[in-house]
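A.B. asks: So you can see what is in the structure, the chains are spelled out below.
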Amino acid sequence: MNDLWIHPSLILLGGAFLLPLIPKAFKRSYLLAVPLLVFADVLQMLASPNAVHGVVRFLNWTLTFGRVDSLSLVFAVIMSGMCFIGTLYGQHVEEDAQHIASWAYVSGSLGAIFAGDLLTLFLFWEVMAFSSVFLIWFRRTPESIRAGFRYLLVHVAGGLLLLTGIILWIHQKGTNHISFESFGAEAYSAPGLFILAGIILNAAVPPLHAWLPDAYPAGTFNGSVFLSAFTTKTAVYALCRGFAGMELLVWLGTIMALYGVIYAIIENDIRRLFAYHIISQVGYMVAGAGIGTALAINGVCAHAFAHILYKGLLFMGGGAVLHMTGETRMSELGGLYKKMPWTFLLTLIGGLSISAFPLFSGFVSKSMIVSAAFAENWTPAGFLLTLAAIGTFYCNGLKVPYFVWFGKDNCRPEVRALAKDPPWNMLAAMGLAATLCIFLGCYTPALYRLLPDQISASAYHPYSAGHISESLQVLLFTALGFFLLVKLRKIQPHRGTNVDLDWFYRKVGTLFLWLARKPVQTLDNAVGETYLAAGLLPLMKISRFSGIFDNRVIDATVDGIATTVRNLGGRLRGAQRGAVQENLTVVFAVTAVLIFISLFVFNGFAR
Amino acid sequence: MNAFIMPFLPELILLLGGLVIFVITLGDSLEKRARTAAITIALALLAASVLCFGQEAVLFDGAYRIDAFSQLLKLIISAGFLAIVILGGNLPDIRPAIKPEYHLFLTLSMTGLVMLVSCVDIITLVIALELSAFPLYFLVAMRREREGQRIQMESAIKYIMFGIAANGVMLFGFSYLYGLTGTTSLPEMMVKLQPVMHTPIAIVGLTLAFCGIFYKLAIFPFHFWTPDVYQGSSNETASLIASLPKVGGVAVLVRLASLASPDNTLIPILLSALAIVSMFYGNLIALAQKDLKRLLGFSGIAHAGYALVGFVAFNQAGFASALYYITGYMVMVIACFVVICRVSRDGSNVAISELAGLHRRSPLLALTLIVGLFALAGLPPFVGFMGKLGLLTTALARGHLALVIIAVLNAAIAIYYYLRVIREAVFGDDGGDQTPIVLDRSTQALCVLLIVAIIVLGVAPSPIINAISGSLAGLNLPLPPAAVY
Amino acid sequence: MKLLVMIETLRRNLKTVVLGCYVVLTLVVVADVIRILFAHGHEVPAGEPVGAAEHAPGLWMSLYHIAESWPGFWAGFGLLGCLVLVLVSKSYGHAGVTKPEDYYDE
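Chains as they are written, first to last, in the numbering used here: chain A, 5 to 611; chain B, 2 to 486; chain C, 169 to 274.
Just so you know, the hints here were simulated from the structure itself, not pulled from any lab data.
Just so you know, these numbers come straight off a predicted model, no measurement behind them.
Label pairs and their in silico Cβ distance ranges: (1) 203/C <-> 74/A: 31 to 39 Å; (2) 252/C <-> 363/A: 24 to 32 Å; (3) 464/B <-> 178/A: 22 to 30 Å.
Below are the DSS-like pairs computed for lysine-lysine, each with C-alpha atoms no more than 30 Å apart in a straight line: (4) 342/A <-> 494/A; (5) 491/A <-> 267/C; (6) 412/A <-> 170/C; (7) 183/C <-> 412/A; (8) 424/A <-> 342/A; (9) 491/A <-> 258/C; (10) 412/A <-> 342/A; (11) 412/A <-> 258/C; (12) 494/A <-> 183/C; (13) 424/A <-> 183/C; (14) 424/A <-> 31/A; (15) 491/A <-> 424/A; (16) 342/A <-> 491/A; (17) 183/C <-> 342/A; (18) 170/C <-> 342/A; (19) 267/C <-> 494/A; (20) 424/A <-> 412/A; (21) 424/A <-> 170/C; (22) 491/A <-> 412/A; (23) 258/C <-> 494/A; (24) 412/A <-> 267/C; (25) 494/A <-> 412/A; (26) 183/C <-> 491/A; (27) 170/C <-> 183/C; (28) 424/A <-> 28/A.
Glycine included, every Cβ here is placed at the ideal spot set by N, Cα and C.
Construct the entire structure; sequences and hints are all you get.
C.D. replies: Set out below in structure tokens:
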């Protein structure tokens, strides 16, 4: 065991802790130095893969904080790298707390990646959930505050599923079996399914996906760059680790890939469109994890690697438009290439990468998963995933560039006045990501050498004549279809909200609120009136009525399911009105009942 | 003589200190001096507790025992006492004329608590309980009468009525136990109770005896006073009531619970029923609160429910995790109350919306609040998480799976309202008061210490858990025969 | 700014660009015809079915063989797929999924 091993999360958290103490003059260099240090820390682990570090005996458990192997390393490398790019992108943000939140978020992600047991995984899982919500809240618009809360609620529920699974697992296996390995056949047992549910919620698998397009577009311009990279990919890692080869995932992943694309096609807000494409792209990875062969798992890792870069790049492009103009709806943009040429070029590179254009990174990674699907006779999945690729190119490579940067100029005057290329650090971060996208696409060994299974990685050659020909045909004729549709004026973007499953926790909750509030309120009032009329106790007369009753009005800032739960609280509160004799009666009654029951039960035992 | 003074030193210091403050109260406008005296007493008490750590003795004809358990709890309580005195500041919301008296009753209440953990006889136990409770009733009523505000009187009377009722129930239970065993000494009672533990009367007696403690802990259905008293009493009184008596309560509950043998099946069922109801009741109602103190009051009911989960396991590991949890709870809740006391303008209650912009008004307070609430919500790596984990695993080890899942569910509900407070503090609409809050040195130190304690207790729980478990081993050992001084 | 000049130049000669695109499209299909007709022996495509598991009904398998042996199959797949996807999505949107922007505002 190498004692010199330092957990990268520790560096990040320490760096975040010290950030407020750094003098202003050094702050910008410090912001770059810490992620670089983390990246270097991860890179030096490549020298000695397959090691276990940071084993801690804690209470009754053996916790493993540093399981370093080829699977965890490939995720760690790209995540620590993305941390640098993301920080560079938001380097000019002066609020320390934003950087602290994003670093804590990344540290949660890295911690989960290196976690060798379920408890450590859960610990970092929660760190991730609770730090990421701040990236949304920091945008400070009422909508983002609400979206952040919904996001948090969903993730608390997800964490709960995961924890329930872990508890059941420990209950079944005993405290010594908490290591996080493949669940194999037990994936379909109750604990396995709970854990799976917790993980696929984070991976945004429908029907547990609605939080993603709800929350990510609500984040700050740089926060969304972080969000796009970490939560879902950490979940993908966990799927590879625990549920590789689970057939259910192939179907879920395929559905997911198409579902995301369909919503993306009708979406008007570019950041929401990109968010739906996260779902779609993660669908490939989930399907790959489900196929589970060496080639498929390699494909998942490669695709996650490439995806983090190009999705980050796309969100950086969207963030740049938002940051400079304050507008992200395609129906209100257009013709921006004159104002933001570099942002256009770099975002286009991201779009071509996600579309798996030859010479771009998506080409060398996505094809691995599709090939693995065909190779394992998952033929329908293979075709459907290719279909999803069409939608991907349609949106990212064609629709967004066309309607944001070319097309009809629909900008409001103030938007047009504000539009220009963003500050140098944002362009530099985008340039770095774009360079890497092209580099990975052109020089395949750079990525392939990191993959878990070297035998199948070295046997795989994406640049075969057949593959190039197939890709070019699919992509270029998709482009033909797009321009046909443009000519036919079929696809002008329109303003609108697309209802997704978040409707349930947004709308039904409100309805429930309306239904529940009336009767409860009426009843509550009635009781209050009766109390007043009956003259009450002298005690109650002394007290100021308002002091007890003024808390009734329900804070309406948070909508949805939250209000529903809280309403239950409001209902219960009727019992807590503060009449001593009433309460004492309850006390004695409950005590008596408890004693009576205990005696009854006791007699049952005695017999 | 020394053999008496040394083990009894903490109590003596408190009694002496009470006397000193009493003398101070006789003079006019000596608030400052009373406060200095109180802080000195608290420091001396802490020092004495450290000094007496590890002492063992039996005093007063076997009615009072100094052992590892009592000394450990005295240490915890005295640390809490110091924090309370510091956060009280110059008592902005207490009638100026009686500020010295406030310190007097505070000290007396502490005396009761410190004695409580050493009592191994029913008689001394009841006396100590009353001694710790009665001053609190006064403290509640001592709040200043501002315009039209008489809620403190109502709260105080409510508090007294409930206290008396609960005590009556408890004494009734004790009378059963005495009738069964013919002794008031807990160690002897434990021996004599074992053969008759299966009789209904023993179970009823023990259950009723528990009730008095449930009142202290604010377990359902003995919780009705909690929110009103938190809201009605001044901020510093509420922080006292919310924290220290609960530690004492759990300690006594441990002593009483160990009267029944671990294989008793009935009492765990009762306790888990109460734990479940308390958790749901407290958490659900807390969701709808707007007054921060009231919110903490309801959440306190839920936390008492969590602590009870440890008792459901009904073995030493369970008791240890309950004690660890309640110790952690004390630190977390004091951290939140420090913020309440400092944010509040001239001592009035703090609505959640008043926290808006706190991170700008006082970053340290905001950090304290965030850490405190995150810990209460049970997020890693804070003590609240470790405490809950400990409770759940001990309960799970005994096979109470359903209870564990319910507790986890409740922890998730709770996250929601704690986060609502944090959201308000950090992202609230800061249209209101934006004047920076200036903290004095002692408050700053207190905030830092609380934050460190919350983190250290959570990251490295082993020392304190081991200390608690170790001290539990000697609990209720038979008294040595010649234990008389 | 070079980049801007380049884009402007391309836009000015839009006719030529479009023509170029058609040429590229044709070339891609022609290349595919040549590739399949003149493939010596049996070129192993990236995803030759080797797995033992059978996840697909026969229809899908024959579709797979068509895809592997018909030149220009993927071109048609791309064009049709694009049109169908957009059509399906749009009608899905118009079926009530797309609401006014202030739909969630109370």
